[in-house]
Amino acid sequence: ITFGTIKARNSVRDAARVLGLPYAVGDRVAKVMPPVVMGRDTPLRYCFEQNEKHVDGFRAAADLRTMYESDPAVKQVVDVARGLEGLKRSVGIHAAAVVITKEPLTEYLPIQRKPEAGQNPDDAPVVTQYEMHGVESLGLLKMDILGLRNLDVITDCEQLIRRTQPDFSIDSIPLDDAKTYNLLAAANTIGVFQLESAPMRALLRSLVPRRFEDVAAVLALYRPGPMAENMHNDFADFKNARKPARFFHNDARDVLDDTYGLMIYQESIMRVAQKFAGYSLAEADSLRKACAKKDPKAMAEQRPKFVGGCANNGYGESLGRELFGIIEKFADYAFTKSHAFGYGLITYQTAWLKTHHAVAYFACLLTSVKGNSDRAALYLADARANGITVRTPDINDSAVDFVPIDGKREVSFGLSGIRNVGEGAAEALVAHRAEHGRFTSFYDFIDRAPESVLNKRALESLIKAGAFDSLGCPRRGLLTVFESLVDQALLRRRERDQGVMSLFGDTPETATGFDERVPIPDLHYERAEQLRLEKEMLGLYVSDHPLRGLEHVLARRATCAIVDVVDRTEDNITLAGVITGCERKYTRKGEAMCTFTLEDMAGSIEVTVFPKTYLTQGHLVVDDQIVVVRGRLDRRDEARVMLMSSDIQVVDVPKTGTESLYIDLARRSVGASEVNEIRDLLREHAGDSPVFLKVGDRTVALGPDFAVSIPSVIGQLRAKFGEAVSIG
Numbered sequence: 104i105t106f107g108t109i110k111a112r113n114s115v116r117d118a119a120r121v122l123g124l125p126y127a128v129g130d131r132v133a134k135v136m137p138p139v140v141m142g143r144d145t146p147l148r149y150c151f152e153q154n155e156k157h158v159d160g161f162r163a164a165a166d167l168r169t170m171y172e173s174d175p176a177v178k179q180v181v182d183v184a185r186g187l188e189g190l191k192r193s194v195g196i197h198a199a200a201v202v203i204t205k206e207p208l209t210e211y212l213p214i215q216r217k218p219e220a221g222q223n224p225d226d227a228p229v230v231t232q233y234e235m236h237g238v239e240s241l242g243l244l245k246m247d248i249l250g251l252r253n254l255d256v257i258t259d260c261e262q263l264i265r266r267t268q269p270d271f272s273i274d275s276i277p278l279d280d281a282k283t284y285n286l287l288a289a290a291n292t293i294g295v296f297q298l299e300s301a302p303m304r305a306l307l308r309s310l311v312p313r314r315f316e317d318v319a320a321v322l323a324l325y326r327p328g329p330m331a332e333n334m335h336n337d338f339a340d341f342k343n344a345r346k347p348a349r350f351f352h353n354d355a356r357d358v359l360d361d362t363y364g365l366m367i368y369q370e371s372i373m374r375v376a377q378k379f380a381g382y383s384l385a386e387a388d389s390l391r392k393a394c395a396k397k398d399p400k401a402m403a404e405q406r407p408k409f410v411g412g413c414a415n416n417g418y419g420e421s422l423g424r425e426l427f428g429i430i431e432k433f434a435d436y437a438f439t440k441s442h443a444f445g446y447g448l449i450t451y452q453t454a455w456l457k458t459h460h461a462v463a464y465f466a467c468l469l470t471s472v473k474g475n476s477d478r479a480a481l482y483l484a485d486a487r488a489n490g491i492t493v494r495t496p497d498i499n500d501s502a503v504d505f506v507p508i509d510g511k512r513e514v515s516f517g518l519s520g521i522r523n524v525g526e527g528a529a530e531a532l533v534a535h536r537a538e539h540g541r542f543t544s545f546y547d548f549i550d551r552a553p554e555s556v557l558n559k560r561a562l563e564s565l566i567k568a569g570a571f572d573s574l575g576c577p578r579r580g581l582l583t584v585f586e587s588l589v590d591q592a593l594l595r596r597r598e599r600d601q602g603v604m605s606l607f608g609d610t611p612e613t614a615t616g617f618d619e620r621v622p623i624p625d626l627h628y629e630r631a632e633q634l635r636l637e638k639e640m641l642g643l644y645v646s647d648h649p650l651r652g653l654e655h656v657l658a659r660r661a662t663c664a665i666v667d668v669v670d671r672t673e674d675n676i677t678l679a680g681v682i683t684g685c686e687r688k689y690t691r692k693g694e695a696m697c698t699f700t701l702e703d704m705a706g707s708i709e710v711t712v713f714p715k716t717y718l719t720q721g722h723l724v725v726d727d728q729i730v731v732v733r734g735r736l737d738r739r740d741e742a743r744v745m746l747m748s749s750d751i752q753v754v755d756v757p758k759t760g761t762e763s764l765y766i767d768l769a770r771r772s773v774g775a776s777e778v779n780e781i782r783d784l785l786r787e788h789a790g791d792s793p794v795f796l797k798v799g800d801r802t803v804a805l806g807p808d809f810a811v812s813i814p815s816v817i818g819q820l821r822a823k824f825g826e827a828v829s830i831g
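Those letters in the sequence shown? Residues 104 to 831, per the numbering used here, in order.
Rather than coming from a laboratory, the hints here were simulated on the basis of the structure. Here the structure is a predicted model, which means the values were calculated and not measured. Ideal Cβ placement from N, Cα and C applies to all residues, glycine included. Incorrect hints may have been included.
Listed next, the in silico DSS-like pairs over lysine-lysine satisfying Cα-Cα at most 30 Å (straight line) [unchecked claim]: (1) Lys396 with Lys191; (2) Lys638 with Lys559; (3) Lys156 with Lys396; (4) Lys245 with Lys217; (5) Lys473 with Lys217; (6) Lys397 with Lys378; (7) Lys134 with Lys178; (8) Lys134 with Lys688; (9) Lys397 with Lys432.
Derived DEER-like restraints, expressed as beta-carbon distance ranges [what the hints assert, rightly or not]: (10) Pro302 with Ser829: 28 to 34 Å; (11) Pro213 with Asn285: 51 to 57 Å; (12) Asp247 with Leu212: 16 to 22 Å.
All chains should be built: construct the whole structure from the sequences, respecting the hints.
Structure representation (structure tokens):
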């Protein structure tokens with residue numbers, strides 16, 4: 104079991120609430136507290152007392168100390184908050200720890216089941232009632248066994264590659280591949296193990312990895328301790344010669360040259376202790392363990408030995424004391440080099456796969472998160488940014504999971520990822536298709552598909568997801584008649600099984616060509632409604648996105664993309680996107696308020712609009728409305744971040760026809776088939792915006808027959824032709 108504690112910011116807000124003070128009082132105090140660094144608050148104690156580990160936090164708390172001295176209400180809140188800070192607030196389960204005992208666990212310690220919300224307690228995992236330090240103090244064996252989704256992704260991708268390269272092995276890839284390091288240096292690392300967050304991508308751009316050791320160093324540096332000491336920026340500056348590397352002694356070059364004088368690994372401590380204090384390898388390992396366990400008693404016992412060793416080796420007690428002080432400071436964020444290199448290998452392998460087998464990699468990546476719509480939306484958006492199109496499910500081409508489409512930079516959506524379909528039905532459908540061939544029409548499908556697939560809920564979901572589009576069936580038209588068609592088909596099957604002939608005496612072998620079946624009407628949804636239904640079934644927008652073509656407009660209005668919110672340190676933020684899932688509620692006083700989900704191209708966040716804001720702006724909160732929302736981030740629940748809205752503005756979407764679409768054919772080699780594809784797309788998405796083709800120095804205007812709706816077509820064109828497509 105693990106225990107979540109009340110952090111400094113939350114303790115302030117909680118204190119104000121229990122004291123019955125206005126919410127604004129606690130919020131005002133929280134806003135002047137030191138910024139969060141890598142998820143860590145500066146403890147309230149060290150906002151008022153200087154401490155070498157929180158120098159920056161103490162300095163940033165100057166306004167808080169002023170308010171504490173001058174405002175009695177603030178003083179009362181902070182005094183109560185200091186008593187709340189650190190108290191246990193919630194319980195969880197350790198991410199990786201497994202306790203192993205010779206006899207049943209109950210012989211050694213109490214256990215319990217830990218159900219998630221809505222889970223049957225009988226199905227919940229068994230956990231110890233002691234947290235990890237208590238378990239270790241009993242002398243029990245605790246192993247950290249961390250399961251990584253990325254290992255499945257690598258294995259699945261390896262199997263896909265072996266279809267065309269039978270001898271391929273991920274263990275045989277070169278660790279000095281220049282293209283992979285170019286991808287890392289460009290921070291094109293969405294979907295790359297450990298390198299997805301915005302601050303991590305910023306560090307990659309600054310550090311510019313060019314060798315495997317740089318990848319391991321990034322993973323060791325991107326943690327609270329090193330970043331609090333600015334070691335990540337120092338390492339990047341030293342590596343790229345923006346600053347000269349600093350060594351505490353010239354002899355340190357022998358042991359710290361590869362890390363530019365910085366001790367970023369526990370093994371660095373060992374090498375320094377051996378070089379300067381004359382430690383044996385075993386003695387150096389004892390010092391490493393004392394650092395890793397952050398054991399003050401063990402560190403105190405090591406100090407005189409270390410200082411004396413430095414003196415005996417001719418370096419002097421003064422340098423020994425200075426060096427041991429550095430090591431003590433380092434003990435707060437020591438990292439094992441073997442750990443960094445082990446994780447670094449998985450990081451490099453995923454980066455290599457994204458570089459050299461991007462289509463297969465994205466297929467496996469999307470399969471790994473098909474139950475997580477937020478992650479799937481992120482990876483789908485990144486696939487598009489890398490020139491890969493994810494196609495809606497297709498009854499003839501889709502497999503159970505996401506798969507690459509041979510010969511194209513395209514991925515087909517997996518049938519099992521469709522709501523109400525499930526693994527079993529998807530597997531039965533794919534197996535039937537493999538044995539009996541492709542379906543030629545919807546009528547053919549319902550006549551011979553396995554009955555387990557003809558479940559009406561599953562069929563409705565397949566239709567809304569676009570799985571029958573390639574058979575020429577309009578989604579809206581098919582939804583109006585599919586139930587009666589299925590009933591007819593099942594009746595015909597039973598009659599055939601019983602040897603009964605049709606109304607006109609036909610058997611499948613002697614059919615006259617007369618079709619008794621209900622025709623499918625030629626009815627189509629408007630784009631917005633079709634996308635809404637598609638998202639309802641797939642969990643994300645696939646064929647297009649309601650924000651397509653507005654990316655630059657929204658980026659200028661927002662502080663950051665929604666997916667990067669979790670990495671922001673400020674409390675007040677502005678986000679832009681489309682409203683979905685709007686739900687109106689009432690407070691105990693009967694005042695109206697609402698919640699909704701705000702989505703951009705790659706992420707989503709829950710937004711709460713309180714009565715005061717809702718009174719003046721509630722009419723703007725409508726599903727499918729594109730808005731800019733300003734508000735305060737609420738991080739009280741560590742599992743998710745929410746936005747408390749203070750202002751909502753509707754985005755003025757550029758009117759169709761006021762902008763032009765440009766396709767630069769010179770930016771990539773375009774063959775006859777691709778020209779035909781462009782022509783078909785333009786005709787399919789007719790509108791009022793003129794289209795221009797750039798060919799070398801010439802710009803050719805296409806006629807009014809090819810005018811388009813830019814929001815409708817821009818997504819598909821950019822997915823296919825990338826930066827060659829622009830709006831002007």
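Hints and how they fare:
Between the alpha carbons of Lys396 and Lys191 the distance comes to roughly 22 Å, so the proposed pair stays at or under 30 Å and holds. For the given pair, Lys638 sits about 19 Å from Lys559 by alpha-carbon distance, which is consistent with the 30 Å threshold. The straight-line distance between the Cα atoms of Lys156 and Lys396 is roughly 17 Å, inside the 30 Å bound, and the hint therefore holds. The straight-line distance between the Cα atoms of Lys245 and Lys217 is roughly 19 Å, inside the 30 Å bound, and the hint therefore holds.
With a C-alpha separation of about 25 Å, the suggested pairing of Lys473 with Lys217 holds against the 30 Å cut-off. Proposed proximity of Lys397 and Lys378 is supported: the alpha carbons are some 23 Å apart, at most 30 Å. Taking the CA atoms of Lys134 and Lys178, the gap is about 15 Å. The hint holds against a cut of 30 Å. A threshold of 30 Å between alpha carbons decides the hint, and for Lys134 with Lys688 the separation of about 28 Å falls inside it, so the pair holds.
For the given pair, Lys397 sits about 10 Å from Lys432 by alpha-carbon distance, which is consistent with the 30 Å threshold. Look at Pro302 against Ser829: about 30 Å separates their beta carbons, and that is inside 28 to 34 Å. Between Pro213 and Asn285 the CB atoms are about 54 Å apart, so this pair conforms to the stated range of 51 to 57 Å. Between Asp247 and Leu212 the C-beta distance comes to about 18 Å, which sits within the given range of 16 to 22 Å.
The structure shown violates none of the earlier numbered hints.
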